[in-house]
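A.B. asks: Please dock the two separately framed chains into a single complex, following the hints provided.
As you go down the protein sequences, you meet chains A and B in turn. So the first sequence is numbered by this note's numbering: it starts at 1 and just counts up by one. So the second sequence is numbered by this note's numbering: it starts at 116 and just counts up by one.
The hints are simulated quantities; they were obtained by calculation from the structure and are not laboratory data. The reader is advised that the hints may include incorrect statements.
Unchecked claim - Some chain B residues judged to face chain A by a derived CB distance under 10 Å, without partners named:
1) L159
2) L163
3) F205
4) D210
5) S213
6) G220
Claimed, not checked - Now the in silico label distances, taken between C-beta atoms and shown as ranges:
7) A:Q98 to B:L171: 26 to 34 Å
8) A:P61 to B:S185: 33 to 41 Å
9) B:A116 to A:Q83: 22 to 30 Å
10) B:P229 to A:K14: 38 to 46 Å
Unchecked claim - Computed cross-link-like contacts, SDA-like style, restricted to lysine to any residue with a CA-CA straight-line distance of at most 20 Å:
11) B:K173 to B:Q160
12) A:K57 to B:A116
13) B:K224 to A:Q41
14) A:K11 to A:D24
15) B:K164 to A:Q98
16) B:K173 to A:E103
17) B:K224 to B:D124
18) B:K164 to A:G99
19) B:K164 to A:L97
20) B:K173 to A:F105
21) A:K11 to B:P155
22) B:K173 to A:P100
23) B:K224 to A:E44
24) B:K137 to B:S185
These numbers come from a predicted model, not from an experiment. Think of the CB as a built atom: it goes at the ideal place given N, C-alpha and C, for glycine as much as any other residue.
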Amino acid sequence: GAGVSQSPRYKVAKRGQDVALRCDPISGHVSLFWYQQALGQGPEFLTYFQNEAQLDKSGLPSDRFFAERPEGSVSTLKIQRTQQEDSAVYLCASSLLQGPNTEAFFGQGTRLTVV
Amino acid sequence: AQSVAQPEDQVNVAEGNPLTVKCTYSVSGNPYLFWYVQYPNRGLQFLLKYITGDNLVKGSYGFEAEFNKSQTSFHLKKPSALVSDSALYFCAVRDMRSNYQLIWGAGTKLIIKP
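Bound-form chain B, shown alone (with noise of 0.2 Å):
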């Protein structure tokens, strides 16, 4: 079966430091692996995604991640957090045998402390 797996619920980060938001992956075949942010009261937004080619990834907002087949990981990072980054993180895998549905894990919560 395919799934998602953010295995911390909350990171706890200090501004100005480097964040790590963790995305390992099950799936059949090549993976297509999505990052979004929820900010209180709105909707999804698309950060970055991984289709093929060079493993780290760019996105949004200073936003990058990290494609590690071996580890079957896509980890959501930033050298220097903001405090405006404080939200709800959300990783997804497209699920290629169903319309491409996306499949997505329970989410972790970013606090940045000033």
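Chain A on its own, in the form it takes in the complex (with noise of 0.2 Å):
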């Protein structure tokens, strides 16, 4: 594709119910990176992937959270019985290479409330 395409783009959720959040790469893209972003604030790191293989999940606030791709390209980010907390956008972003010198492209990013 064209760009880095999230869906859903707006997400609400009941306190307590599970969201699977989807991640289409640009074609080819061998790294991807999940972010979340708090109102007001960066970007904070989640996981990371190089190809199917999930190289750093540090990032993940809690063992509600899990990502998933399972064929090197498209990317579920799932979170489990969700809490308030857990409201902010999420942001997926890949990049050609791995590499520390080349640039990441971003989705538009799905908005989670929990309510």
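C.D. replies: Set out below in structure tokens:
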């Protein structure tokens, strides 16, 4: 695709509900990142994939958060038993290569509101 | 610890005037620095990056940034601001220890007044 696509754009979940957020990276991009952005803050790292391998999940805030990228393209971030503090914008980014000097391309994000 | 600071929550500039959005960083080793812009209801868009070489980096939409190693700064600049430049600007640095994730500043809201 032309850019990184995330769906849904907006999600309202009742507390305790499970949600799944989808990311379609740019075709052929090796690296995929998930970030969480709270209102008025910069993004915070959640997890990183290189192809299908999840190489870093140190940013996931609890074991209720789970991410996968089974075929090395589309990725899903799942949040179980959502809590109000999970309300944020979830950003997905991809980059062509793994390396420090390659810029990442971001999707528009999914705004999750837990009520 | 590696970190990025954007000391100004908001910057107000009159259209046509030069603008500067400040960023300072703290990293071990050589820094890989980035600027992104976020328009309302849109994703983060890459503006420019500093990897090595010339301290003055040119990017998209007429923006440039000056890397200053002694001051550990990477300020974003534009000679003549446009109303359409109004947006949220983020500075970020690569975390070289951790799979190259980006460490972000808190963002600076840039308001350009006609």
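A.B. asks: Are the hints correct? Go through all of them and say.
C.D. replies: Consistency of the hints with the structure:
no., hint, result
1, L159, "holds, 4 Å"
2, L163, "holds, 9 Å"
3, F205, "holds, 6 Å"
4, D210, "holds, 8 Å"
5, S213, "holds, 6 Å"
6, G220, "holds, 5 Å"
7, A:Q98 to B:L171: 26 to 34 Å, "holds, 28 Å"
8, A:P61 to B:S185: 33 to 41 Å, "holds, 37 Å"
9, B:A116 to A:Q83: 22 to 30 Å, "holds, 27 Å"
10, B:P229 to A:K14: 38 to 46 Å, "holds, 44 Å"
11, B:K173 to B:Q160, "holds, 15 Å"
12, A:K57 to B:A116, "holds, 19 Å"
13, B:K224 to A:Q41, "holds, 11 Å"
14, A:K11 to A:D24, "holds, 17 Å"
15, B:K164 to A:Q98, "holds, 16 Å"
16, B:K173 to A:E103, "holds, 15 Å"
17, B:K224 to B:D124, "holds, 6 Å"
18, B:K164 to A:G99, "holds, 13 Å"
19, B:K164 to A:L97, "holds, 16 Å"
20, B:K173 to A:F105, "holds, 18 Å"
21, A:K11 to B:P155, "holds, 18 Å"
22, B:K173 to A:P100, "holds, 19 Å"
23, B:K224 to A:E44, "holds, 18 Å"
24, B:K137 to B:S185, "holds, 15 Å"
Violation of the numbered hints given earlier is absent; every hint is satisfied by the structure.
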